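Undergrad: So you can see what is in the structure, the chains are spelled out below.
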Amino acid sequence: MFSTTSLTRRNFLWHTGGGITGVALAQLLSREARGDTATPRPELNGGLHHPAKAKRIIQLFMNGGVSQMDTFDYKPALERLHGQMIGPKEKPEGQTGPAGAVMKSPFEFKQHGQSGRWVSSVFPHQAKWVDEMAFLMAMTTKTSVHGPGSYMMNTGFLLPGFPCMGAWISYGLGSLSDNLPTFVVLPDARGLPYNQKGNFSAAFLPSRHQGTIINAGSASPVPDLFANSKHKFASQEADAASLALLQKMNRAHAASHPEDSRLEARIAGYELAAKMQLSAPEAFDLSRETASMRTAYGMDDPVTEDFGRRCLLARRLLERGTRVVQVWSGPQGAINNWDNHGNIQTELPPIAASVDLPIAGLLGDLKSRGLLEDTLVIFTTEFGRTPFAQGSLGRDHNGNSFVTWLAGAGVKAGASYGQSDELGFKAESGITYCYDLHATIFHLLGINHEKLSYRTSGVDRRLTDVHGHVISEVLA
Amino acid sequence: MAQQTHSPTVNPPVRNAVVLVSLCLVASTQAEDFFSDKIEPLLKQRCYECHSHQGGKMKGGLTLDSKSGWEKGGETGPAVVAGKPDASLLMTMVRWRDDDHQMPPKQQLPAEEIALLEQWIKLGAPDPRTTPVPSPADWWSLRPLLQPAIPPGAAHPIDAFIQERLQTKQLAPAPPADPRSLIRRLYFDLHGLPPSPAEVAAFAQAATPAPAYNDLVDQLLASPRYGERWARHWLDTIHFADTHGFEHDDLRPNAWRYRDYVIASLNRDTTWPRFIREQLAADVFFPTEPALSAALGYLGAGTYDSSAAATAPTSFEYLDRDDLVTQTMASFVSTTANCARCHAHKFDPITQEDYFALQAVFAGIGKGDISYHEDPAVAQQLQTLNALLQAAESKDAAVIQAPASAALITAWEQAHASPVAWKLLLPETFLTAEGTLLERLADGSLLASGPTPDKDTYTVTTTTNLSELTAVRLDFLPDDSLPAHGPGRASNGNLHLSEIELQVFRPSSTKPEKVSLQRALSDFDQVNYDVTKAIDGDFKSSWAIHPAIGQPHHGVFALREKLPLEAGARLVITLRQLQGGSHLLGRFKLSATQAPANSLRALPTALEEILRTPQPDRSPAQQLALASMVARLAATEALAKLPPPVTVWAAGRAAKNERGVVSIPQPRSIRLLQRGDLAKPQAEIGPGALSAITALPARFSLDKPQDEASRRAALADWLTHADNPLTWRSIVNRVWHYHFGKGLCDTPSDFGHMGGVPSHPELLDWLAVWFRDEAHGSLKALHRLILTSATYRQSSNANATALAVDPDNRLLWRMSRSRLDADTVRDTMLAVSGNLDLTMGGPSVAHFTSKPGPQTTPVLNYADFDWNTPGANRRSVYRLVWRAIADPFMDTLDFPDLGQLAPVRGFSASALQSLAMFNNEFILHASERFAAKLEQEFPQPEGRIRAAFQRILQRDPTASESSDCTTLAAQHGMAAVCRVLFNANEFLFLD
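Chain order of the listed sequences is U and Z. If you use our numbering, the first sequence corresponds to residues 1 to 476, in order. If you use our numbering, the second sequence corresponds to residues 1 to 991, in order.
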């Protein structure tokens, strides 16, 4: 049904099937726990409170804390002050060791694009796309510890048990399609990030809003999509007959309790499940992509293969109606991620190379398909690193300053907002927190971050807590 | 230029005078009109969104919807100083003085509005708004508990209250539920398991329904299945799980002891106040019942960030205490105290002082493993022996010579009556690794001289004519050639023995055998460097003797097993001295014995002499010195023989975690933090609770405030006080919530202004008082009362009239239909398929396979789990709940995220839930097992299908259902039918 050539960005949304339309099903399911919040409105381009620029999101999350002064935050002062002991005397909270001497970046920086953005040599491919990106150069957070830091960037809170951004978006906007999960998480093949699945939780929101973890390499990427084939009583044919009987019984039961919409919601759940069974295998089948497309995402090279595969899968899912995809780079742990304590010069280049080409491939692909017009791409991490050496060659955790970029729908291409201090140690002006980033993302989706809330334990909880300002400087 | 710049803000004196005069002349009504016409609309339009009760926000603690609001001001002080615009914070803010002072934040007010505000303040800020803001303390949940009279009518008090309300709405209760629905409801409610077809049939046929029902209630409450079912509710409420959550989501392999404690407490019907006391301070209230230490697992139920604990300790402790305050106040008194961390609670009368007083309650606890003995006799022994040890240290004659101790000491002296015969081991070869020179002296000792390396290892080879060996002895001897007379070579005469190792070379063998040393005794140990460090296998730890230098010392090292020695066997003794700083042995001697291991001792030379003195000749001082030494040895030996303690992840005076033993000698000083910011400490706050409960003192007066446990005990006293209205309302409402699917107040952990308002406040209060005074805190009595009401027993069928009046059934005109929770769904499938394993208690059961992860958190695989694994079919309450790597199947059925408290279970329906229910291996496995059982029990499909319906749905199939199922079974097997029934809404919903 979908071939890469015939696919346009409009013909994959809102398929209908069975007796109930996608809209009706989605509404049926959303009846369960929604309070008085608005519903997406067509005249707002699917936005809740104002017109939406973005319909879907792909978030690239670099686990471990990307070193800003070795990637996007060029600091010539580090060359001048290299070797000087001018850092904090006492070990700051969250750092794993005392601050060493100032350490210059071992990587060469050059200016790129019309915008003249400085990018280090570890990101040669992203460097070609800087004119499409808007940079938040002075992001800051409230901790320098991975667990709370990852929770903060994903859920807006330092503690476990709060819904992540993807869950909030699923709750607020619902699905674009019946055929696929609304919010998909693609973890690194080498393992889950810090906080395990806590980063993708729906927490107190209805559990259906939590991230569906897709194991990109697995035969059954969606959990329990099909029964294990060893069960003859659950063969494809048996499934059809069983489901027919189940729905007959459930409909008869619901008919005698018409006032209880939960019964209808469960019936709809099975209809949607059947649709997902039909469409998901095609969506996950990367062999349907051309060889050149796979090459563009770096799937031919072992260095970029895993991240590239997940970026390509993300694009296929977004095309087919998944609303939010989060692609993680790096598992938890001391190696294979962005937590470069030991030696920046040897630890950063391999992890940087593993994402650089795939990200450029993704941006190029989205742009050529016209998807970048209403898809928002976000590159972020849980915190930055110190300009002071840890040991003699590494860098420690630093929640005071880090960099995030946005690209695509509604983003002011080539913009930059905020500045860190001379060393890149602390955000100095145009400081932004996760609250502001989340408010801005919500804004692009047509959501007022102050209005989307859920009452629990005595508080109307929001993704942005009691904070958050839309960063108009990076909006087109 | 200068004049121009200044002119707008400096008024000529004359005009000022005019204003003053006019102010005096303006009638107050005019001033008030000015406020009402100009200022109030302005405030409403520009400020109320963030600073009013109606806007629901009090940013910065400031409200502008009453005069007292701006008079009191926010966190930064009064907003308006009447008559002084330039001294008024409000003007500073609206004038956008600088980045930190900009209100409204998004756009500055037009100049004319700023001028109006200035004029109003100059006028003395007249503000006639007298609308009293209701006192926040005058709130249903905080009012004193008074038991309302039972309305006339129904015999059962609950029905009387419910029906009275229904009558006011011209509604009537639903008819009684049919027996099948009722018994199903009761079983799932109390046990989380279905009734058997025989139980359903017997109940339906009971000649006298009422006694049969009441008997059934009693029977179900008496079953241990009740505690298993209801424990899960409490574990949800307090976010209990088996792992830490956070970056390192490590397993707590002993957390289950708390889970078992909760199950046992519910089954034995521990009264509610006692349950509270046990969980908060069992160590204080019940010191003679050590098994209750498991209750302290309550304090460890939540998350734990070991990474932050190590690298960001200040913020870690702050947030960890916050989690405990949140949990305690939500679970026991349904209060969201944590909302007052950064500012006074926006909606409830909880001040920041209250919040930090609650933090102070937990300011001295250590979180981690707590050790205890379940057997009180053992615990008692432990206590006695520790007291004896302490007395021995302080030579406390009263304790040592008390009859109990005296008996122990006499027994010891008798057992050790004959002195141990030590036989010198004459060194035959002696080598040093780093160049120390050793010389053998006439007495058989070795003396070191020559180079003084930083570290060294001596290896001594020797033989003995003993035919077996039980211990070796190492004597350190002083010598005038050594610094400070030795016996070590360090400049102060000290030495460090990192490890002593023994090997035996048998004549028949070419390789040495390692001989294991089990026990080490010495006559003297340096603090933190006791003799056991010399046999612990750790080269970084060592035995040393500072400051008792210049004297002889010795250590005795007992072999794990008696070592037989044949002629020609050689002993090799390795003495590792790896402390550095030339802490080397200066002069030493080795000897050996074959005396029984239990006769070994290592006494100071002086005491050896006392022992050699015949008893009648010993002086009183000698007697006491001897008794003290013997007491120490006897107590140490007896302690070693006690069974090992068990542990539970909890919190208390001392706990052991990955950082070692956490025992905070003095509770942390807790200061109020402005905006909750650690960088902005204010006044110190002592332990206490909520000042809104005026019947009780809000701050605790403690005899020993430095004893952290006494703070927990004081909080327990406050919580369990008869005059604390929250506690009693909270628990009866929580129990109601689980019986009816919704509490009388529908937010069971929040009785504040943001929570729900009770549908039947009189009933709630009546129940609270009854529970406190008549049921004496018995949960089983409360269940019995609720379950025997007609309100509980009514049908769940809807009627159109009532549905129109009260669609949410808050008035309880029928029973609410509820969906089975994840645990019940799972347990029921196990039960009907004949797989359910009812083994109770013990370590949690994993429903996943695991392999090591990149760090301490393993990688879990739920999909690969084999459901035939032993223990896999136990009840879900025994399931290992990995906090942040949750079971996806349970997730889809709304098992809560236990990162936070979960006082209610959610409901959701989704494609992913349907896929899980239809295709998850657990369900397919259960379907298969159930089908096999049915096929074994019944020869014909009809019989199997009828039995399947009876066991899953507690009814017979209709003719058409039977025919549909027969067709499906014929085509795809009986398991296909079981799978359909497990997915049926009629199974998943409880009428």
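Hints in this document: simulated from the structure, not taken from any laboratory. Just so you know, these numbers come straight off a predicted model, no measurement behind them. We put the beta carbon where it would ideally sit given N, CA and C, even for glycine. Check each hint, because a few of them may be wrong.
Stated by the list, open to error - Partial list, derived from the structure: chain Z residues whose beta carbon lies under 8 Å from chain U:
no.: 1; residue: 315
no.: 2; residue: 888
no.: 3; residue: 914
Undergrad: Each of the hints needs a verdict: does it hold here or not?
TA: Status of the hints after comparison with the structure:
1. Using the Cβ-Cβ criterion of 8 Å, the hint placing residue 315 of chain Z at the interface with chain U is satisfied: the shortest such distance is roughly 6 Å.
2. Checking residue 888 of chain Z against chain U by beta carbon gives a least distance of about 5 Å; that is within 8 Å, so the hint holds.
3. Look at residue 914 of chain Z: its Cβ gets to within about 4 Å of chain U, closer than 8 Å, so that hint holds up.
In this structure, none of the earlier numbered hints is contradicted; all agree with it.
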